[in-house]
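*Asks:* Now for the letters of each chain:
There are 4 protein chains.
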Amino acid sequence: MSDEAQTSRPARLRTAEEYRESLRDGRRVFYRGTAVEDVTTHSVFKHAVNHASLDYEMAHDEAYADLAVGPDGASRYFHVPQTGEDLLKRSALIEASTRAGKTLVLLIKEIGSDALLSLLAHSAQLGEPYASRIRAFYEHCRDGDLAVCVAQTDVKGDRALSPSEQPNPDAYLRIVGRRDDGIVVRGAKVHTSVSVNSNEMIVLPTRAMSEADADYAVAFAIPIDTPGLTLVASPYLSTHAKNDTEHPLSATRKMVETTTLFDDVFVPNERVFMEGRHELAGTLARGFVEFHRFTAISYKLPLVDALAGAGLLAARVNGLERAGHVRDKLSWLISYAETLRALAHHAAERCKIIDGVAVPDTLLVNIAKLQFAQGLHTAFMHVQDIAGGLLATYPAVEDLDHPVYGEALERYMESAGGVSGRDRLRVLNMISDLTTGDYGGYQAVLAIHAEGSIEAEKLTILAQYDRARATRYANWLAGLDSSQWPPS
Amino acid sequence: MSDEAQTSRPARLRTAEEYRESLRDGRRVFYRGTAVEDVTTHSVFKHAVNHASLDYEMAHDEAYADLAVGPDGASRYFHVPQTGEDLLKRSALIEASTRAGKTLVLLIKEIGSDALLSLLAHSAQLGEPYASRIRAFYEHCRDGDLAVCVAQTDVKGDRALSPSEQPNPDAYLRIVGRRDDGIVVRGAKVHTSVSVNSNEMIVLPTRAMSEADADYAVAFAIPIDTPGLTLVASPYLSTHAKNDTEHPLSATRKMVETTTLFDDVFVPNERVFMEGRHELAGTLARGFVEFHRFTAISYKLPLVDALAGAGLLAARVNGLERAGHVRDKLSWLISYAETLRALAHHAAERCKIIDGVAVPDTLLVNIAKLQFAQGLHTAFMHVQDIAGGLLATYPAVEDLDHPVYGEALERYMESAGGVSGRDRLRVLNMISDLTTGDYGGYQAVLAIHAEGSIEAEKLTILAQYDRARATRYANWLAGLDSSQWPPS
Amino acid sequence: MSDEAQTSRPARLRTAEEYRESLRDGRRVFYRGTAVEDVTTHSVFKHAVNHASLDYEMAHDEAYADLAVGPDGASRYFHVPQTGEDLLKRSALIEASTRAGKTLVLLIKEIGSDALLSLLAHSAQLGEPYASRIRAFYEHCRDGDLAVCVAQTDVKGDRALSPSEQPNPDAYLRIVGRRDDGIVVRGAKVHTSVSVNSNEMIVLPTRAMSEADADYAVAFAIPIDTPGLTLVASPYLSTHAKNDTEHPLSATRKMVETTTLFDDVFVPNERVFMEGRHELAGTLARGFVEFHRFTAISYKLPLVDALAGAGLLAARVNGLERAGHVRDKLSWLISYAETLRALAHHAAERCKIIDGVAVPDTLLVNIAKLQFAQGLHTAFMHVQDIAGGLLATYPAVEDLDHPVYGEALERYMESAGGVSGRDRLRVLNMISDLTTGDYGGYQAVLAIHAEGSIEAEKLTILAQYDRARATRYANWLAGLDSSQWPPS
Amino acid sequence: MSDEAQTSRPARLRTAEEYRESLRDGRRVFYRGTAVEDVTTHSVFKHAVNHASLDYEMAHDEAYADLAVGPDGASRYFHVPQTGEDLLKRSALIEASTRAGKTLVLLIKEIGSDALLSLLAHSAQLGEPYASRIRAFYEHCRDGDLAVCVAQTDVKGDRALSPSEQPNPDAYLRIVGRRDDGIVVRGAKVHTSVSVNSNEMIVLPTRAMSEADADYAVAFAIPIDTPGLTLVASPYLSTHAKNDTEHPLSATRKMVETTTLFDDVFVPNERVFMEGRHELAGTLARGFVEFHRFTAISYKLPLVDALAGAGLLAARVNGLERAGHVRDKLSWLISYAETLRALAHHAAERCKIIDGVAVPDTLLVNIAKLQFAQGLHTAFMHVQDIAGGLLATYPAVEDLDHPVYGEALERYMESAGGVSGRDRLRVLNMISDLTTGDYGGYQAVLAIHAEGSIEAEKLTILAQYDRARATRYANWLAGLDSSQWPPS
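Protein chains in written order, with numbering that gives the first Met the number 0: chain D, 0 to 487; chain X, 0 to 487; chain C, 0 to 487; chain W, 0 to 487.
These are computed hints drawn from the structure, not numbers from a lab.
Take these hints with a grain of salt, some might be off.
Because identical chains cannot be distinguished in the list, a pair is counted as satisfied if it fits within a single copy or across any two copies.
[Unchecked claim] Below are the DSS-like pairs computed for lysine-lysine, each with C-alpha atoms no more than 27 Å apart in a straight line: (1) Lys45 / Lys88; (2) Lys241 / Lys351; (3) Lys351 / Lys155; (4) Lys88 / Lys351; (5) Lys45 / Lys155; (6) Lys155 / Lys88; (7) Lys241 / Lys45.
Because the structure is a prediction, the values reported are computed rather than measured.
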């Protein structure tokens, strides 16, 4: 990674308005069976666009510029980390932007750059002409300050069968045609986050493959308005009919997930990064996921902070700060949050430099992700426990405003530390939004399934651990190695 | 409890239509600040009414009549249990009706009869004229086949202070006036379930009280359309904008919770069951809760069954039935469900007969409730883990119906065991509705807070356990008791 | 099971002395490589014999006679349970004798009768002449009031291979010779409890087998002094150098485990219960284990009682009864203990009658065993937490008796509730013995591995659950079954 | 901390023999009521001395010299850490020496230097002449390369009462006389580790105190052979009758704990570091504990490594490496071990410099200690689960050596991967020693109680967390702070 390459031309930091404008193209997006003309004005998607726009706003805001802009003047997301310090800054940026996003990650730069960094790191393995294409595409995204999504997870059909063994040949995306100037692909990907408000989509394989699966071993990138590409948005986590008081997070915070259909989509050669190299499918799949898990443990930090803060605030408004069991639950929430932060930061500091790219410690990243994933439901339980039943029985803000009984209602709701009834309800509404409802559910499902499953993390932990060292020590303890000092 | 009393006049089992009709009175109900004219036709409340109506439908349906109708021809809910067998039948009825209610309890008979049974069991302590009033009110409810709610939880203000110590005198409901023909009460209660579609409301104290709190020590019953009573419904868990496919449970299953305001409500003497007896406030509070916890562990059974079934079904449609970690999670879900069932049934069988009323074993009831409450979030996690990320990224049913891409989408979604894409999505929609969103959140918050908190259950367990026996054994083991055989 | 058969001749209840005498035969027992002449006088084994003798003492003690003697005048252990009530009494006897045994099961009747009951229950499947041989052997044990052990677990070698696939043909016990009058067997069994102080040994297969494993499919019984049978006792959990004060449980409570070697042991035909029926190997293996797990959850009850009692007593002597976290841990210990009791009793009450034998509910038995096994280490942790560091740093009883500093030491150790320093140390010694050291470790390892592993219990739970019912309900909830009422 | 001070005279690194020699003085040590003439030759204590000697051997061994010797040529333990790097090296030394000690910490330098560092860090607060005395004593220990123990925990009597409120005035150590040249103290301390084989003992208060407790507020140091000082050793964790094969760890690894009696012990002025400053008692108590907890999370690392290694090795010898549930447990053990390591190292790197002393991040140290303490029993359970029942039923090494059946026994025990029966048993013996028996129990009790209790760690976590920051964020999320960007 030459410094020269990274500074070859003046960086462009787009404004939020430029970003919005860039989304008004021929993209084919459906919401509940209806075509969406303009994602920036659609009643639900506009929230997703506004949410993602924070990325561009932060880069132009003095408060965040240092974090959001990389050393070459481009968005820091596109800066190739070369040291632990670079990784810490990348993590800090992801944390800050998610914090500003009210615990919902922005993702339009995070996920794309995770894929780009992984592709760059595998360029040598992929060889030419692929390495150059990847480089060119990376510069295209960086210099254009683009929003980039990633489509990876296939629908999978019968999980016990490989792609080529499926009764349904379209259970995994595959190459169905080869032309001089490119390839034609068919299939579907699920869980494609932020696709409707991205500029580019990177497509990666989802698993290791055998020779028979060669047609399924493909990686490429296409603009969102590519003919044949259809984005079918999930209706889950709608902003519909929510107001800011009752749903202070999810009334306006929104990320769109699509089932992404490829109807014989043509991909020009210069955008094809891998084709037919079945032996590399697993490598590319895991490579991206590992980068992405570091992003994950960074963007989870505001969520765990919010849970600790919610517990503390709920304890205060309920007058429970001295209760023993509440203090016990608070110390759990704090340990949960700060263990994640320590592991994330330590993973950055203990990075390995591979081909000039700083890669966070894989073992620690996976342990961090696992401990987060396995604890979130318990964290929700503890916060709900401290907050009380009003989480699910609160009156509406319209009731507080009612001319007849509103004032009485507010007075009744008054809480211990002089907190007004109205403020108490806002705290409870926030906690309800954070831990119940479709927003809480979204975070819960993401915790388990996004960036690889809990079981995948366990396997990675087992694979990455220095088992030989541990076994040598156990052998020495058992007297099967009679050295004076233990083996290192 | 004489048998004669229970069969003194022919029982009336109302039809669902009669029940609906009975709700059209002068009740003062608000939803989001707007007065509700007729709860049976209101866009949200009609679902709550329909849901509750199942109780009346079941009593008239041959399939359930044996369970739903008691030995005296009245609703079994009003049958005073005299044996463990009676309790098992009561439990079975609650389970069956909740099962028919798609895991949401009906509650319009359960909660009221819990309070009535508790009041009957405390009649001797309350003495005359209260005992006779309770008896008369019980017969009124039973013979009228009425829907009865219970308002217990006060707003509480500063939880470290007793009612009379609160800066806000209205933090707990209290007697503000005494007349020859009755009393006048003021205050508010929260979490009043099914009040908008009940006929009667029983009001109970929420905690133990001291002499200074005498005005707060009050128990009574009033019809829902009593002047001065205002029901402010929570907007949480709305059926609004949900369809049966995406939300197969919560599109139509609904229970309304209100903040219940008492603006100088007059209660005639014959409806006052306790007044000023501060030393009985705690007894009445706990007495009801203990009956209600047995109801709780009965109505949780369909929920835990649904979770086990959801896990099994998800494993099947995902082709994961042979995966080791999935089998591990399934065995956890089954143990969770069946431990609850065994504890509930065993608590019934080990009941104590108090003044002719069979009271389920309090220790076991609380252990059952606690193990349910502490496990639900984990159960959700396991089911979500098996089900996969589509829980939060599924396409809409309108997408499956789309003339252009619908068919392809359905084909892509096809799963392992020949399950069609459409059916797979229905399974995932059900699990999403069950464990995420406001329905899952409602169940989660209820698990922790309804029928008393987790901490209250722990204290009851400690209080109910035969600590002397355990300590004697420990002493004997320590050699501090030198008997040959251990003490019993 | 005819009543006549069970009362065919007057029962003999042996005295403890008769039992001891019966152990003085030609048995071949080794302890640390040294032959043991007389197990009743050996410095370690005499404790095991005394411990087991409690069984005979109880039967002759008025306090226990009702429990210990069955309806036919024989030991109740040999009474074939025909009702849930019979099972409850069997459970109560096991609980009482283990309670008298200071939390260590006696086992000399429990395990043998578990095997006998299982063999009787499978007699029809085994057919003649095996059924008659089993019957005769059962009567022999019952009428002779014998101590009977069971050798089941093979050494197993490579667990991924079946018996006949093992590189080492002796990894599983097998038939190596067939004579007119019997068979000759060779191999080894591990974990054979109470063999050195039993009269008879029943040998059962340890797993399901295929046709190639036919020589390994064998079940029989032999007297302990059979030529060729060698019992190699484990040195683990020795009573050596322990005194009653420091180790109030393990100084005298002892169960011997052997590795049991069969050097071409001849088994006469009348003692062969199954040979070569590979298809029945798994059935017999599981059949015994299921009976034995019910024994297990019965004999664990005094242990969990002792843990709850230990926690309560430690809280008292440490002056910690009001501490919030201590109350939390105590309520955990109580719930742990009483859930096990409730599940055990409920499993008995929900028994199935199979060929006249009452079989406890398999699902509940396994859930009970699993919840016990998964919680014991946590129970130890909680008790140790309440008890304090003196568990591992206490002074010796000889120090308390020291003429110079003994009195001062005792005064320093004085605790809150007027408990003397000496008594406080006895409590701590008991808890130390119960939860640490080789006795605590023995209980911990048994919890996980005895009567089948944790994983085996999980598989049984999955197999025994009514999965079809749960799946039907989930389908109905998902709208895939459009019946008005849910399927049962 | 001037560099000059640290290098004022040539450092002396004692040899193991010099250390041994130094223990042969007039110290008054009792074991089971019998006076110990020479701790270096006593049948049990010699193991403790040998174990501690490793510290001196390592400093003279090339393999460890770099780690064991500080920049000034003295033992690194006495080097005052000034940077995170210093703390990492200190941690590495503690880890290496405990690793060499077979998972048992040496402690003779660790604990004393923890107290010295804490006293140095509090010198300014203590003022003169105390600061100079502390400095001089520190140099005495460093330059003499001394073994130093710490007596902190009082017996406490009724824990609900302060020292001066106790019925027994000697429940806490106190000043009973004041002379011109020093003070006289009386009382007892419990859990004094390594006292019998130390040169000096530092005495610290155990809790915060009020004015009435002034006589109990005292800190000082005395040589072990000070008149009036009696060390009553605990009999727990004896090496007695253990052989290296069965108990590869605890046959020779030993740490002695004493109840330490002060019978009117005279302490000369120059060794008194604090007297009567009740307001500083809590500060000194906590100050030491915080340093000591960092030592703790460093010396726990070989233990958690051993558990992970034990699990891996057991899986191999049992042929269970591919079993799903075993892989699950192994990934748990690895995550447990590596989370502790990451938190410990990160706490060092995130240290604060206080008066020139690098203090590890208190929040992270406590989280690390808590996660270790709460997980150890589960770690034991998982390792025992993988290892199998032979942990508690293994034959003795004398059996393997038996001329008649030894060879057969060894052949039977042969395991999957070509591991001989003898080696397999060594592995199982090691795991049995590590997780059961008095050694496993010692580690378990230490995990909970050493270096402060679990509850103390929770309180520290709550106190150290930046609660204001978390609460601000929660408020902003709730809309109670309307800033555009979230507060930092």
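*Asks:* Of the numbered hints stated previously, which ones are contradicted by the structure, given in increasing order?
*Replies:* 1, 2, 3, 5 and 6
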